[in-house]
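There are 2 protein chains.
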Amino acid sequence: MTQVFNFSAGPAMIPTAVLEQAQKELLNWQGQHTSVMEVSHRGKLFMELIAQAEQDFRKLYNIPKNYKVLFLQGGARGQFAAIPMNLMGKKGKALYLTSGHWSLTAAKEARLFCHVDEMNLLEVGDELKTGNLDFSDISPNYDYVHYCPNETISGVEIFELPKVGNTPLVADMSSTILSRKIDISQFGMIYAGAQKNLGPAGITIVIIREDLIGNARQETPSIWNYAVQAKSDSMINTPPTFAWYLCSLVFKYLLSQGGLKAIEQRNQDKAKLLYDYLDNSTFYHNNVAKKNRSLMNVTFTTGNDELNSQFIAQALENGLQALKGHKVLGGMRASIYNAMPIEGVQALITFMEKFEKQNQ
Amino acid sequence: MTQVFNFSAGPAMIPTAVLEQAQKELLNWQGQHTSVMEVSHRGKLFMELIAQAEQDFRKLYNIPKNYKVLFLQGGARGQFAAIPMNLMGKKGKALYLTSGHWSLTAAKEARLFCHVDEMNLLEVGDELKTGNLDFSDISPNYDYVHYCPNETISGVEIFELPKVGNTPLVADMSSTILSRKIDISQFGMIYAGAQKNLGPAGITIVIIREDLIGNARQETPSIWNYAVQAKSDSMINTPPTFAWYLCSLVFKYLLSQGGLKAIEQRNQDKAKLLYDYLDNSTFYHNNVAKKNRSLMNVTFTTGNDELNSQFIAQALENGLQALKGHKVLGGMRASIYNAMPIEGVQALITFMEKFEKQNQ
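Those protein sequence lines, which keep their order, are chains G and V.
Following the UniProt record's numbering, the numbering of the first sequence begins with 1 at its first residue and continues without gaps.
Following the UniProt record's numbering, the numbering of the second sequence begins with 1 at its first residue and continues without gaps.
Rather than coming from a laboratory, the hints here were simulated on the basis of the structure.
A few of these clues could be false.
Identical copies go unnamed one by one, so any copy, or any two together, can satisfy a pair.
Claimed, not checked - In silico BS3-like pairs for lysine-lysine, Cα to Cα no more than 30 angstroms straight-line:
#: 1; residue 1: Lys59; residue 2: Lys181
#: 2; residue 1: Lys108; residue 2: Lys44
#: 3; residue 1: Lys65; residue 2: Lys252
#: 4; residue 1: Lys24; residue 2: Lys44
#: 5; residue 1: Lys291; residue 2: Lys163
#: 6; residue 1: Lys108; residue 2: Lys90
#: 7; residue 1: Lys327; residue 2: Lys231
#: 8; residue 1: Lys24; residue 2: Lys252
#: 9; residue 1: Lys44; residue 2: Lys327
#: 10; residue 1: Lys91; residue 2: Lys261
#: 11; residue 1: Lys252; residue 2: Lys357
#: 12; residue 1: Lys252; residue 2: Lys44
#: 13; residue 1: Lys65; residue 2: Lys93
#: 14; residue 1: Lys44; residue 2: Lys354
#: 15; residue 1: Lys59; residue 2: Lys291
#: 16; residue 1: Lys108; residue 2: Lys163
#: 17; residue 1: Lys90; residue 2: Lys231
Just chain G, same shape as in the assembly:
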């Protein structure tokens, strides 16, 4: 088989070992002679699967006991709506810290349901304001503070934790979940669409502190009412069982690889390799401040649209897929999530060197 590396920003690579297992048992899961996607979600075997999946996920993240884990439908964008429905309280407003496309989109959607104040964290040129993530003076005015620790499109990652006092901090971790260790207890709620680091598109994980559950407004769809779903094992309706199954395999795989400590080290190694190369090149440029360079999404450009197009096309011919940057930004983007092996980054750099020599 041709060796290809898929740098898609999402839906993204899934570990090959996981796909191979899914392939092997696609028509005969657990010796049942049926597919995992053909069995009742309330059956014994599937209930065991989800219990194990939650246990493994909790182990990976060391999730404290006073947090619930929910597996929902609708993607992170569904949560953009569900969060104000569930978390808006007496203060009647939420603070959205913005750092790029996704945090802005979250704020825009929340505004359909509540009063939103926005605060931009970015300097011009995607450079984060330094030492300015202390919002504890104003956070008591808000029911929650929302931010997006990794902006997939621009490749901006916020490693520092915003200070918000006792106000719940809510984080869209769609493109950074399970990529490095975090202290869950610092968050009120974390959520993520699965299609980057967890599994296939179509399932969304919510980690939420128990005391934040139970205050949803009446007009909350039951599938997004955290209290309803927490009471129903995330099964108030038929869940996306195959996606859940694949997530369970990914969790097992990550544990077998040494858990988050090992995964984080590997992600740092991969990112360092690529950023070091970019920093030593005068041909390619990355515009993100060093302290905010994403471990997951590495953006770069030649500064020339025509050359960028040639780069993307020739890379594809060399088995390096999906390197085109998001349309709002242009240029190139290499998404190097957990499932991307270091060999993929090495192959990319080898190609970049070759392309640079041919075109500089």
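Could you slot chain V onto chain G? The hints should help.
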């Protein structure tokens, strides 16, 4: 391989030919050396897939040009909430015709978002009121009329079309979609979770008349705003790509089988076989009026809980899976959706005869 037949009510059987194709190309879709679930939903190949899927689905149902087809997340229960958000208008109320668990649940959820009037279609014993599906006198008072043509739990199917004049008729067809020919033009909107006749759990199809799109209230999540999704090829956020792909294979499969005319005939043959057997038995009972017996979900009981339990356990030992009735009703239920071959029904009857002889 052991021959098993899976009578699960949902997630339910998927055609074996579809699963085999999915298995074959799980790690190498379209010669890309990646899985279909690892590619961008906005990429050329996936966009071609969804265009073909819509074309095939339209062909199967002969969907008129003034209807949009949307592929959404959140299941039918998500639509229970989305429908009043999108369709509630100046009249400020909706009429829900109820005939069992699911139509009642839809009404309950809608009541979170609007004024709902309910009208029960059932006589005692799951027998429909005869000749009484004309609501055209009261329907002008409502923004829409909702019903559920097939109640999965009780096995009650409504073959007659409720008369509602010019008021949009909205139907939850989760457990009857693509099982028989229908005249789409008689409906304002049809919706269905995929996990019975369309594909795996995690994707929901909406067929909606264009003039009903565009009146959503402000507080509508964008992933369920029909106008937003219609403008975005159902991709306002990352869709459940693998589920969509499987649906596309199911559509192709149904067309290859002769389309809905052939499928309907097969479903009628399967149901007739089972109901004829039940009618000739004094040991098993089905409580649904003949004119409302579901083609998809056949409920029956021995009238004895202990015997029912033995039946379910022994059937399982004989490769007949998931025959336990829904917990709210007890007894047995054989779900015989499109993917169930007639051999499955024959095997069930053979076992029923044997069990009857041993226990009567």
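Evaluation of the provided hints:
In this homomeric assembly, Lys59 and Lys181 come within 30 angstroms of each other (Cα to Cα) only inside a single copy, at 11 angstroms, whereas the closest approach across copies is 50 angstroms. In this homomeric assembly, Lys108 and Lys44 come within 30 angstroms of each other (Cα to Cα) only across copies, at 29 angstroms, whereas the closest approach inside a single copy is 42 angstroms. Taking the shortest alpha-carbon separations for Lys65 and Lys252, only the intra-copy value of 20 angstroms comes in at or below 30 angstroms, while the best inter-copy value is 47 angstroms. For the homomeric pair Lys24 and Lys44, the shortest alpha-carbon distances inside one copy (22 angstroms) and between copies (28 angstroms) are both at most 30 angstroms.
Within a single copy, Lys291 and Lys163 get their C-alpha atoms as close as 18 angstroms, which meets the 30 angstroms cut-off; across copies the closest is 65 angstroms, which misses it. Taking the shortest alpha-carbon separations for Lys108 and Lys90, both the intra-copy value of 21 angstroms and the inter-copy value of 27 angstroms come in at or below 30 angstroms. Proximity of Lys327 to Lys231 under the C-alpha cut-off of 30 angstroms is restricted to the inter-copy arrangement: shortest distance 18 angstroms between copies versus 41 angstroms within a copy. Taking identical chains as interchangeable, the C-alpha atoms of Lys24 and Lys252 lie at most 30 angstroms apart whether they share a chain (17 angstroms) or sit on different chains (24 angstroms).
Proximity of Lys44 and Lys327 under a CA criterion of 30 angstroms is satisfied inter-copy only: 15 angstroms between copies versus 45 angstroms inside one chain copy. Taking the shortest Cα distances, Lys91 and Lys261 never come within 30 angstroms of each other, neither inside one copy (39 angstroms) nor across copies (58 angstroms). Within a single copy, Lys252 and Lys357 get their C-alpha atoms no closer than 42 angstroms, and across copies no closer than 48 angstroms, so neither meets the 30 angstroms cut-off. With identical chains, the CA atoms of Lys252 and Lys44 are at most 30 angstroms apart within one copy only, with a shortest distance of 20 angstroms there and 33 angstroms across copies.
With identical chains, the CA atoms of Lys65 and Lys93 are at most 30 angstroms apart within one copy only, with a shortest distance of 28 angstroms there and 44 angstroms across copies. Taking the shortest Cα distances, Lys44 and Lys354 sit within 30 angstroms of each other only across copies (27 angstroms), while inside one copy they are farther apart (55 angstroms). Proximity of Lys59 and Lys291 under a CA criterion of 30 angstroms is satisfied intra-copy only: 29 angstroms inside one chain copy versus 54 angstroms between copies. Within a single copy, Lys108 and Lys163 get their C-alpha atoms as close as 23 angstroms, which meets the 30 angstroms cut-off; across copies the closest is 41 angstroms, which misses it.
Proximity of Lys90 to Lys231 under the C-alpha cut-off of 30 angstroms is restricted to the intra-copy arrangement: shortest distance 24 angstroms within a copy versus 36 angstroms between copies.
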